[in-house]
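So the protein sequences, as listed, match chains B and P.
Numbering-wise (this note's numbering), the first sequence opens with residue 1 and increments by one.
Numbering-wise (this note's numbering), the second sequence opens with residue 1 and increments by one.
Some hints could be false.
Derived contacts from chain P toward chain B, CB cut-off under 10 Å, selection only [to be verified]: (1) Pro144; (2) Leu151; (3) Gly227; (4) Phe282.
Covered stretches of chain P, going by a simulated chain B footprint (3 or more residues, C-beta under 8 Å) [claimed, not checked]: (5) 153-162; (6) 232-240; (7) 257-270; (8) 273-279.
Treat the hints as calculated values from the structure; they're not laboratory data.
For glycine and all other residues, C-beta sits at the position ideal for the given N, C-alpha and C.
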Amino acid sequence: MQKYILNRLLQGIVLLFIVALIVFALSRATGNPAELLVPDDATEDEIQFIEHQLGLDRPYHVQLFIFLSGAIKGDFGESIAYKQPALDLFFDRLPNTLKLMPLSMGIAVGIAIPLGVLSATRRGTWIDKLASSIGVFGVATPNFWLAIVGIYIFSVWLDLLPPGRMGGPSHYIMPAITLGTFSVAGMMRLIRSSMLEVLDTEYVKLARIKGLPEWKVFWKHSLRNALIPVLTLFGVFVGGFVTGAIVTETVFAWPGIGRLTIDAVAQRDYPLLQAVILLDAVIILSVNLVVDILYAYLNPRIRFD
Amino acid sequence: MAGDRANTKLPRLGLSKEQQGELAYELKHLPWIPLIIIGIMVFAAVFAPILAPYSPTKQTLRDKLLPPAWQEEGTSEHLLGTDILGRDILSRLIHGARVSLIVASTALLSGGVIGGALGVISGYVGGKVDTLIMRAVDATLAFPTILFALLLAVTMGQGLLTVVLAVTLILWARFARVTRGEVLALKTNDYIALATIHGCSSIRIMAIHIMPNVFNTFMVMLTLHVGLVILTEASLSFLGAGIPPPTPSWGQMVADGRAKVASAWWISIIPGVAITMVVIAFNVFGDWLRDRLDPKLRQL
Chain B
1 MQKYILNRLL QGIVLLFIVA LIVFALSRAT GNPAELLVPD DATEDEIQFI EHQLGLDRPY
61 HVQLFIFLSG AIKGDFGESI AYKQPALDLF FDRLPNTLKL MPLSMGIAVG IAIPLGVLSA
121 TRRGTWIDKL ASSIGVFGVA TPNFWLAIVG IYIFSVWLDL LPPGRMGGPS HYIMPAITLG
181 TFSVAGMMRL IRSSMLEVLD TEYVKLARIK GLPEWKVFWK HSLRNALIPV LTLFGVFVGG
241 FVTGAIVTET VFAWPGIGRL TIDAVAQRDY PLLQAVILLD AVIILSVNLV VDILYAYLNP
301 RIRFD
Chain P
1 MAGDRANTKL PRLGLSKEQQ GELAYELKHL PWIPLIIIGI MVFAAVFAPI LAPYSPTKQT
61 LRDKLLPPAW QEEGTSEHLL GTDILGRDIL SRLIHGARVS LIVASTALLS GGVIGGALGV
121 ISGYVGGKVD TLIMRAVDAT LAFPTILFAL LLAVTMGQGL LTVVLAVTLI LWARFARVTR
181 GEVLALKTND YIALATIHGC SSIRIMAIHI MPNVFNTFMV MLTLHVGLVI LTEASLSFLG
241 AGIPPPTPSW GQMVADGRAK VASAWWISII PGVAITMVVI AFNVFGDWLR DRLDPKLRQL
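Isolated chain B, as found in the complex (with noise of 0.2 Å):
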């Protein structure tokens, strides 16, 4: 067990160094970095300082290792419009981003998983049609139109609901359900194969032999041995809920760290986006990291390989 959480934790060390070293290799492979890192209007000596000053007229593998040590002490940098350190900005922003999450991962596995196990427990029903009527329209649906409908419906025309920014709770509601929309059809159709696979193995049907109501053999002995596929692929959601939030916190202008993203995109901010991007980097695979520790705990076959 020790060896596979090593194991697991070297990998994602590897993982890290690599996107430093893309995020890195991509600033100096298409151009000048010093003049994605200072504002447009800097005249040629600004660049010049700012050059020596990152050691960018030095040899590569030497600007590498001073990016890398940077890194590895939090410091990436100033946020050329915020004239901040971007690592600052992060974790000021990070807690807005953290607070959507609950309700939103309550909205996407309340809706996927009774969608899921209904549809896979009464197939060719009008339920198992409905859900898969909502997995053709959650997969093709972009969800940053679909939540400028919702402001459309319940802010302009039913005046409802707040069409943005944070507030009290009523400012949650929409943006939590766009942001659980993004992994709704995804998990439903992965519980429902996954539920129609357990439904056909041989202790699911000793439980139905031995008189067991329904109800029973549904959600409590298939649905446990269903969700583990699902646990398995919550890093993917996890990489889901990074891309959802960049599209979410745009529409409803909330001041999270998919604001934030997008903020340093529209200002070429390249400091701030590329301390983003790392810091987003070690979150996903801290819960990867998390979820196969939590999975090998669950699942002896792992365990004991």
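We have chain B already, so just place chain P on it with the hints.
Below, chain P without anything else, positioned relative to chain B:
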């Protein structure tokens, strides 16, 4: 009934009765609605300059924010209305179809070919090469590739090439994974062993004996991913990291109308409907093609 109609309509083809029946059956079970939507989109994209009533970038501020023709204040001169700068939405929609299709075809080709090739190599060669490629695939699938797309947009600048590169980065891993699985199954066939005994080089086996056999899967994968690419391009353009304005792109058009939902809903809503319809059409068509050509992919 279907057989009768086939008899009256198809005698010139010189087919036997059974064949006619089969053909009628096939025609009846083609996914017609998706095919019509795809047909309209491709037609609009190819003939955009002829079909569009106005230039997609021409600004007429006098006519700005006109609602669609069926609204009270709408005019028949701008069937789908105009945007904040007085550009004709129908014309922008038609030209936007072109952008979507160009991005989709180039990105699918590059992502598909790179991913497919790596998948064949990974599956056939196996060992350390396989482990390395598959780890890269896992990492790509777990990481939100949109972040790299944004990074590319900032370092390389916005443009068609940037979008295609970003989408390629998203696609290759999916193609590599599926192709590898397919090759692993093919490898156990006797004819591969026979080719090896005959002294064929690995490259020859991969190119001549394996690739033609994964072609069906490849085509199905291509079709199944058109929708995803159109959506990704729209999202990137919406976020300001896709095709730069004033070139019309559907995602960009949705973003244009975002601040004006209250007074001019049509600017955002209409292009979104177009995106949804086209993506559903491609997905349904892809599902149909998969069921016809490669039913084992269904579990994916």
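Requested in this report: Provide an ascending list of the numbers of those earlier hints which the structure does not satisfy.
Outcome: Structure breaks no hint.
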